[in-house]
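Novice: Dock chain B against chain A, hints included.
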Amino acid sequence: GQQLNQSPQSMFIQEGEDVSMNCTSSSIFNTWLWYKQDPGEGPVLLIALYKAGELTSNGRLTAQFGITRKDSFLNISASIPSDVGIYFCAGRENSGYALNFGKGTSLLVTP
Amino acid sequence: DGGITQSPKYLFRKEGQNVTLSCEQNLNHDAMYWYRQDPGQGLRLIYYSQIVNDFQKGDIAEGYSVSREKKESFPLTVTSAQKNPTAFYLCASSIGGGSSQPQHFGDGTRLSIL
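Chains as they are written, first to last, in our numbering: chain A, 1 to 111; chain B, 1001 to 1114.
Just chain A, with the same shape it has in the complex (with noise of 0.2 Å):
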């Protein structure tokens, strides 16, 4: 599989800020999903995303399936401290199987 090209690598950020983050692959995906890991645990399933422009929130968190079905955007808004982790897109291609991954964004929240 391809590995995603996700950006930017890490953020540093203050209490309360917006965070972006987005996530491009090589070819047309029919699924893109965010995880968030924290250390020493599994990712932790945030949004999933399934048709062209689709647009989805969970709480604070909000995920977009690029048009070109070639890319994810996730925000995050008025962040936290407990936002800190590493967040990680990954996608299916048409004809794939395996989820292919992103290297993921470190995000550090100061209070």
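Calculated directly from the structure, the hints in this document are not laboratory data.
Possibly wrong hints are sitting among the right ones.
Dumping the calculated EDC-like pairs for lysine to aspartate or glutamate here, alpha-carbon to alpha-carbon at most 20 Å [claimed, not checked]:
#: 1; chain 1: B; residue 1: Lys-1009; chain 2: A; residue 2: Glu-41
#: 2; chain 1: A; residue 1: Lys-103; chain 2: B; residue 2: Asp-1038
#: 3; chain 1: A; residue 1: Lys-103; chain 2: B; residue 2: Asp-1107
#: 4; chain 1: B; residue 1: Lys-1009; chain 2: A; residue 2: Asp-38
#: 5; chain 1: B; residue 1: Lys-1071; chain 2: B; residue 2: Asp-1054
These stretches of chain B come out as covered by chain A in the derived footprint (C-beta under 8 Å, 3 or more residues) [to be verified]:
#: 6; segment: 1010-1021
#: 7; segment: 1101-1111
Partial pick of chain A residues on the chain B-facing surface, computed with a CB cut under 10 Å [said to hold, decoys possible]:
#: 8; residue: Leu-33
#: 9; residue: Glu-41
#: 10; residue: Pro-43
#: 11; residue: Leu-45
#: 12; residue: Leu-61
#: 13; residue: Ala-90
#: 14; residue: Leu-99
#: 15; residue: Gly-104
#: 16; residue: Ser-106
Beta carbons are placed, not taken as given, at the ideal position from N, Cα and C, and that holds for glycine.
Specialist: Frame of chain A; chain B shown alone:
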């Protein structure tokens, strides 16, 4: 509670030794997966299984082996042929293989070389 249980949490391997990582799920999922995670890297697929008694190699299967004798269990063996086994290993499952259903992960096993 339904979920994916990986054990042990930490595992140490001696040179030339095979070790087996356990993954059990009670979600009644058909598909199960093993990933390897290295620092600063995304997850890389080692093996996956869409159904009992069937499994397929992922991107980095060399030096690893798996079995799927029961629906709820998908153990991973790290063999002595894997020359760089130190990593965080994650097991995942999904309702179906090849579908759009998201994968759900266990809490991982950290393997280190003595």
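Novice: Quick one, are Lys-1009 (chain B) and Asp-38 (chain A) close enough, alpha carbons at most 20 Å?
Specialist: Since the Cα atoms of Lys-1009 (chain B) and Asp-38 (chain A) sit roughly 15 Å apart, the hinted pair holds (cutoff 20 Å).
Novice: Measure nothing beyond the straight line between the CA atoms of Lys-103 (chain A) and Asp-1038 (chain B); if it is 20 Å or shorter, mark the hint as holding.
Specialist: OK: Lys-103 (chain A) and Asp-1038 (chain B) at ~10 Å, within 20 Å.
Novice: Please check whether Leu-61 (chain A) passes as an interface residue: C-beta within 10 Å of a C-beta belonging to chain B.
Specialist: At about 15 Å, which exceeds the 10 Å cut-off, the nearest Cβ of chain B leaves the hint on Leu-61 (chain A) violated.
Novice: Holds or violated: Lys-1071 (chain B) and Asp-1054 (chain B), Cα atoms, limit 20 Å.
Specialist: 10 Å, holds
Novice: Does the nearest C-beta of chain B fall within a distance shorter than 10 Å of the C-beta of Leu-45 (chain A)?
Specialist: 5 Å, holds
Novice: Against chain B, with CB atoms and a cut of 10 Å, does the hint on Glu-41 (chain A) hold up?
Specialist: 5 Å, holds
Novice: Check the hint pairing Lys-103 (chain A) with Asp-1107 (chain B) against an upper bound of 20 Å on the C-alpha distance.
Specialist: Roughly 18 Å separates the two Cα atoms, so the pair holds.
Novice: Let's test the interface hint: is any C-beta of chain B closer than 10 Å to that of Leu-33 (chain A)?
Specialist: At 5 Å from the nearest chain B Cβ, Leu-33 (chain A) passes the 10 Å test, so the hint holds.
Novice: Examine the segment 1010-1021 of chain B for residues whose CB is less than 8 Å from any CB of chain A, and state whether their number is three or more.
Specialist: Violated - the segment 1010-1021 of chain B has 0 residues with a Cβ nearer than 8 Å to chain A, which falls short of three.
Novice: Going by Cβ atoms only, is Ser-106 (chain A) closer than 10 Å to chain B?
Specialist: 9 Å, holds
Novice: Assess, step by step, whether the Cα of Lys-1009 (chain B) is no farther than 20 Å from the Cα of Glu-41 (chain A), and give holds or violated.
Specialist: The given pair, whose Cα atoms are some 10 Å apart, holds under the 20 Å limit.
Novice: Report holds or violated for the interface hint on Pro-43 (chain A), using the least CB-CB distance to chain B and a cut-off of 10 Å.
Specialist: Status holds, d = 5 Å.
In the structure shown, a violation is registered for the earlier hints numbered 6, 12, in ascending order.
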